[in-house]
Amino acid sequence: MKKKISLVVLIILVLVSVLALFACSPITNEIPPLYIVFDGDIEGGVYSINLYDVAMTEYIYTEEGTEVTGDGWELSKLLEYLTMRVSDNYLFITSATDGVSALIELPLTDKMYLYDDGSKVSAKGPNYPKCTGIKNISEITIIAKDSEDILETINSLPNTKPNLITQSDYGIKILTSEKTDLKTFGESKLKLFSLSAENLMGENKANKYLPNNAMTVNSFTGRDNNIIYLENGDIIKNADNIQLGWKHGKIIVKDTKAPILGFVTNTTRTILDAYSEIKISIDNNEKVMLILPDGFSWIQANALENDLDILKASLSKGYASATHRAISPVALASIVTGKSPYITGINFKEGESRAVLKPNAQDIFEYATSKDKIVKYIEGTGNLIITSVEPVYSLNDTEIYNNAKAAINEGIDFIFVHFHEIDDVNHEYGPLSKEAKIKCMEIDSYVKDLKMQFDGKVIIVSDHGHITLVNENDKNYGDHGYFDHQDMYVPYFVFNK
Amino acid sequence: MKKIKLSKPAIIAIIIVAVLIVGFAIFLPLYLKANAPQRELYAQEKIRFIAYGEDLGSYNLEELLALEGVEEKTFKDIYDTSASEPVEKTYTGIELKAVLKALNIDMTIARNITFKASDGLNKLYPAEDVLTPDNVFIAYKVNGIEFNKGTVTSAYTQEGEDGGPYVVIRVSDTFSQHRCKLLTEVNVG
Numbered sequence: 002m003k004k005k006i007s008l009v010v011l012i013i014l015v016l017v018s019v020l021a022l023f024a025c026s027p028i029t030n031e032i033p034p035l036y037i038v039f040d041g042d043i044e045g046g047v048y049s050i051n052l053y054d055v056a057m058t059e060y061i062y063t064e065e066g067t068e069v070t071g072d073g074w075e076l077s078k079l080l081e082y083l084t085m086r087v088s089d090n091y092l093f094i095t096s097a098t099d100g101v102s103a104l105i106e107l108p109l110t111d112k113m114y115l116y117d118d119g120s121k122v123s124a125k126g127p128n129y130p131k132c133t134g135i136k137n138i139s140e141i142t143i144i145a146k147d148s149e150d151i152l153e154t155i156n157s158l159p160n161t162k163p164n165l166i167t168q169s170d171y172g173i174k175i176l177t178s179e180k181t182d183l184k185t186f187g188e189s190k191l192k193l194f195s196l197s198a199e200n201l202m203g204e205n206k207a208n209k210y211l212p213n214n215a216m217t218v219n220s221f222t223g224r225d226n227n228i229i230y231l232e233n234g235d236i237i238k239n240a241d242n243i244q245l246g247w248k249h250g251k252i253i254v255k256d257t258k259a260p261i262l263g264f265v266t267n268t269t270r271t272i273l274d275a276y277s278e279i280k281i282s283i284d285n286n287e288k289v290m291l292i293l294p295d296g297f298s299w300i301q302a303n304a305l306e307n308d309l310d311i312l313k314a315s316l317s318k319g320y321a322s323a324t325h326r327a328i329s330p331v332a333l334a335s336i337v338t339g340k341s342p343y344i345t346g347i348n349f350k351e352g353e354s355r356a357v358l359k360p361n362a363q364d365i366f367e368y369a370t371s372k373d374k375i376v377k378y379i380e381g382t383g384n385l386i387i388t389s390v391e392p393v394y395s396l397n398d399t400e401i402y403n404n405a406k407a408a409i410n411e412g413i414d415f416i417f418v419h420f421h422e423i424d425d426v427n428h429e430y431g432p433l434s435k436e437a438k439i440k441c442m443e444i445d446s447y448v449k450d451l452k453m454q455f456d457g458k459v460i461i462v463s464d465h466g467h468i469t470l471v472n473e474n475d476k477n478y479g480d481h482g483y484f485d486h487q488d489m490y491v492p493y494f495v496f497n498k
Numbered sequence: 255m256k257k258i259k260l261s262k263p264a265i266i267a268i269i270i271v272a273v274l275i276v277g278f279a280i281f282l283p284l285y286l287k288a289n290a291p292q293r294e295l296y297a298q299e300k301i302r303f304i305a306y307g308e309d310l311g312s313y314n315l316e317e318l319l320a321l322e323g324v325e326e327k328t329f330k331d332i333y334d335t336s337a338s339e340p341v342e343k344t345y346t347g348i349e350l351k352a353v354l355k356a357l358n359i360d361m362t363i364a365r366n367i368t369f370k371a372s373d374g375l376n377k378l379y380p381a382e383d384v385l386t387p388d389n390v391f392i393a394y395k396v397n398g399i400e401f402n403k404g405t406v407t408s409a410y411t412q413e414g415e416d417g418g419p420y421v422v423i424r425v426s427d428t429f430s431q432h433r434c435k436l437l438t439e440v441n442v443g
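Chains as they are written, first to last, in my numbering: chain A, 2 to 498; chain B, 255 to 443.
Hint data in this document are derived by calculation from the structure and do not stem from the laboratory. Treat the hints with care, as some may be off.
What the hints assert, rightly or not - Dumping the calculated DMTMM-like pairs for lysine to aspartate or glutamate here, alpha-carbon to alpha-carbon at most 25 Å:
#1 K350(A) / D373(B)
#2 K452(A) / E422(A)
#3 K78(A) / E106(A)
#4 K351(B) / E400(B)
#5 K300(B) / E391(A)
#6 K327(B) / D360(B)
#7 K78(A) / D89(A)
#8 K359(A) / D373(B)
#9 K370(B) / E299(B)
#10 K359(A) / E439(B)
#11 K359(A) / E299(B)
#12 K330(B) / E429(A)
#13 K343(B) / E429(A)
#14 K476(A) / E339(B)
#15 K370(B) / E391(A)
#16 K476(A) / E342(B)
#17 K350(A) / D360(B)
#18 K476(A) / D427(B)
#19 K351(B) / E439(B)
#20 K343(B) / E473(A)
#21 K355(B) / D427(B)
#22 K351(B) / E316(B)
#23 K370(B) / E400(A)
#24 K146(A) / D170(A)
#25 K350(A) / E299(B)
#26 K370(B) / D425(A)
#27 K449(A) / E306(A)
#28 K370(B) / E422(A)
#29 K476(A) / D334(B)
#30 K238(A) / E179(A)
#31 K435(A) / D427(B)
#32 K435(A) / E400(A)
#33 K370(B) / E367(A)
#34 K458(A) / E306(A)
#35 K238(A) / D225(A)
#36 K255(A) / D241(A)
#37 K350(A) / D334(B)
Generate coordinates for the entire structure from the input sequences, incorporating the hints supplied.
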């Protein structure tokens, strides 16, 4: 009997739980939501509105002599939900079906409506040219008429570092070794379309655009030798002919749909290439030494051309691009594995605590050891990542230099030397300071001596560059990790035996 | 024996419960196994001391505090990383210099000290920094709270910090990036 009661109680409990679960998802007769997406040059990048959360209004227009009445949502009312980056904008309405789009000036001089077109959203502008009657709208993009206005907005923001575009959420950055350009999201989307026709209806003008399905990276950036940096940390080299697309307010790689963070141009080389450069030497039974002067920038190699013997720009093979984020543990993991941060798994967002991690790929030390090579990895006062070989630690760069010399004298096959003090001085005074110059000259003398003594290939590559910034006391200092030309371009040297 | 007749919903309910129990029984051990390395990182309660290649043994906090001349101290330090605004905090710990003295380690010939953490991090300090009074501490509390033993990447925003139970702090550091969290070994060389 007791058993029976227990069983009944258990069943009741379970039933109550199951019923409670069902109760959490009540069946309602509400109208299904109808979303419209706004993107482009608006705060937050993408904004989605359930049209049924907004009051409808009646619109009347004449079609082929007949007066038509309908219910819809006034576009200008919906725009009040958005915060535009700048005041002077276009509206760009795109069809989900064929990509046909209409560009209209803002503010709207007459009423335009969106309406429920059988669970799809369509546009109706009784006093606008016919091309604005886009059916099955995928999104409405806000496009700043002058992207320079956005740059001014960025630079006037409180806490924005002067002359530095820190906010990659404003658009796509295109870097050359001399400058950083920003193509706003609105401008970026418009690049994926071609003007097809201009129409006028009274005072109201609208341009019809057709999708340019063959937009490649080099057409987009207007430069050659492009490298794509994806938001997920991956890097795509030799990307000139890769086709671009648009999704959720972002420029994407058309094939993979991967969102793009930005482009580094005019180079085919990244710091990851050091891995294969070392591997070639190991495979050829050639001794090899990699010297990594942390934080040594391409701008420094150029500025100090007459002060340096080895680390000057003219002796390099040109520049290489760093990883994003251009910070030491991320870049180091990529240099020692030849893989992007997406693969190594070592990447940190701004503000994230930097744990010491092991890359998700075989490192060059492990490869060298597997080929029976003797390896020495000479580090500073700590390790930034976990490598297959335990580093030899050193208290300062002079000790690093001495440890490297000792390794050369021991006849080590592969020596990895990581100097740190250029980075320290760059942080404190800025990369173009006289203090940085003195430190670069000191490290240059160490490198020169090591190169002279070493009987093998010498590769010199930095992990990231530095940007000169000014603090609240008007004192220069340096920083990196902003996807800016100053921190992304670093010199890359290879001296064969 | 009387046969119990169950209704269809009752049978369904019993099946659901049974599936949940079986699922729980299968996935709980897998979950615990997958998280074991992470939990081990923070579970290390003892610190090993090595001097000039000789293993001097491992000590927990109680044993360290029982050593002659070793006492709990509080000290202030600025917590400042590239990702955070500087903030002064009060730490509780023991001075490393006192521990090394109590363990009879000859510091007159020491060049540097390597700190090892359970996550694989290594940090090297010059011996003179450790010998400077009130400079290098093995800390175990921040603002009176034990260091968080979990991984909290945004720990700098909180009153507390992660990386416990033990964190090596050099008070003379301008920034906090030379600290050694998750301390497991002190190696004098």
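Each hint, compared with the structure:
The hinted pair formed by K350(A) and D373(B) meets the criterion: a straight-line CA distance of about 20 Å does not exceed 25 Å. For the suggested pair K452(A) and E422(A), the alpha carbons sit about 19 Å apart, so the restraint of at most 25 Å is met. At roughly 16 Å between alpha-carbon atoms, K78(A) and E106(A) fall within 25 Å of each other, so this suggested pair holds. For the proposed pair K351(B) and E400(B), the alpha carbon gap of about 22 Å is at most 25 Å, so the pair holds.
Of the pairs offered as hints, the one joining K300(B) and E391(A) holds, with about 23 Å between alpha carbons and a cut-off of 25 Å not exceeded. A distance of roughly 23 Å separates the Cα atoms of K327(B) and D360(B); the hinted pair therefore holds under the 25 Å criterion. A C-alpha spacing of about 17 Å is found between K78(A) and D89(A), which places the hinted pair at or below 25 Å, so the restraint holds. Between K359(A) and D373(B) the CA atoms are separated by roughly 10 Å; this keeps the pair inside 25 Å, and the hint holds.
The straight-line distance between the Cα atoms of K370(B) and E299(B) is roughly 14 Å, inside the 25 Å bound, and the hint therefore holds. This hinted pair checks out: K359(A) and E439(B) have alpha carbons roughly 20 Å apart, not beyond 25 Å. Proximity of K359(A) to E299(B) is assessed by CA-CA distance (about 23 Å); at most 25 Å being required, the pair is judged to hold. Of the supplied pair hints, the one linking K330(B) and E429(A) holds, its CA atoms being roughly 24 Å apart against a limit of 25 Å.
With a C-alpha separation of about 24 Å, the suggested pairing of K343(B) with E429(A) holds against the 25 Å cut-off. For the suggested pair K476(A) and E339(B), the alpha carbons sit about 18 Å apart, so the restraint of at most 25 Å is met. Only pairs whose Cα atoms come within 25 Å are accepted, and K370(B) paired with E391(A) is accepted, the gap being roughly 12 Å. Of the pairs offered as hints, the one joining K476(A) and E342(B) holds, with about 23 Å between alpha carbons and a cut-off of 25 Å not exceeded.
Of the supplied pair hints, the one linking K350(A) and D360(B) is violated, its CA atoms being roughly 44 Å apart against a limit of 25 Å. Distance restraint check for K476(A) and D427(B): the Cα-Cα separation of roughly 20 Å lies within the 25 Å cut-off, and the hinted pair is therefore satisfied. Restraint check for K351(B) and E439(B): the C-alpha separation of about 15 Å stays at or below 25 Å, so the hint holds. Taking the CA atoms of K343(B) and E473(A), the gap is about 24 Å. The hint holds against a cut of 25 Å.
Proposed proximity of K355(B) and D427(B) is supported: the alpha carbons are some 23 Å apart, at most 25 Å. The hinted pair formed by K351(B) and E316(B) meets the criterion: a straight-line CA distance of about 17 Å does not exceed 25 Å. Straight-line distance between C-alpha atoms of K370(B) and E400(A) comes to about 20 Å, which keeps the hinted pair within the 25 Å bound. With a CA separation close to 18 Å, the supplied pair K146(A) and D170(A) stays within the 25 Å bound.
Taking the CA atoms of K350(A) and E299(B), the gap is about 31 Å. The hint is violated against a cut of 25 Å. About 23 Å separates the Cα atoms of K370(B) and D425(A), which keeps this hinted pair within 25 Å; it holds. For the proposed pair K449(A) and E306(A), the alpha carbon gap of about 15 Å is at most 25 Å, so the pair holds. In summary, the hint linking K370(B) to E422(A) is supported, as the alpha carbons are separated by about 23 Å, within the 25 Å threshold.
Restraint check: the Cα-Cα separation between K476(A) and D334(B) comes to about 19 Å, which is no more than 25 Å; the hinted pair holds. Between the alpha carbons of K238(A) and E179(A) the distance comes to roughly 20 Å, so the proposed pair stays at or under 25 Å and holds. With a C-alpha separation of about 24 Å, the suggested pairing of K435(A) with D427(B) holds against the 25 Å cut-off. Taken as a hint, the K435(A) and E400(A) pair is honoured in the structure, with Cα atoms around 23 Å apart against an allowance of 25 Å.
Straight-line distance between C-alpha atoms of K370(B) and E367(A) comes to about 22 Å, which keeps the hinted pair within the 25 Å bound. Distance restraint check for K458(A) and E306(A): the Cα-Cα separation of roughly 23 Å lies within the 25 Å cut-off, and the hinted pair is therefore satisfied. Distance hint between K238(A) and D225(A) is fulfilled; the C-alpha atoms sit about 12 Å from each other, no more than 25 Å. Between K255(A) and D241(A), the direct Cα distance comes to roughly 13 Å. Compliance with the 25 Å bound is thereby established for this hinted pair.
Note on K350(A) and D334(B): the hinted pairing holds, with a Cα-Cα distance of about 17 Å set against a maximum of 25 Å.
Violated hints, in rising order: 17 and 25; the structure is consistent with all others.
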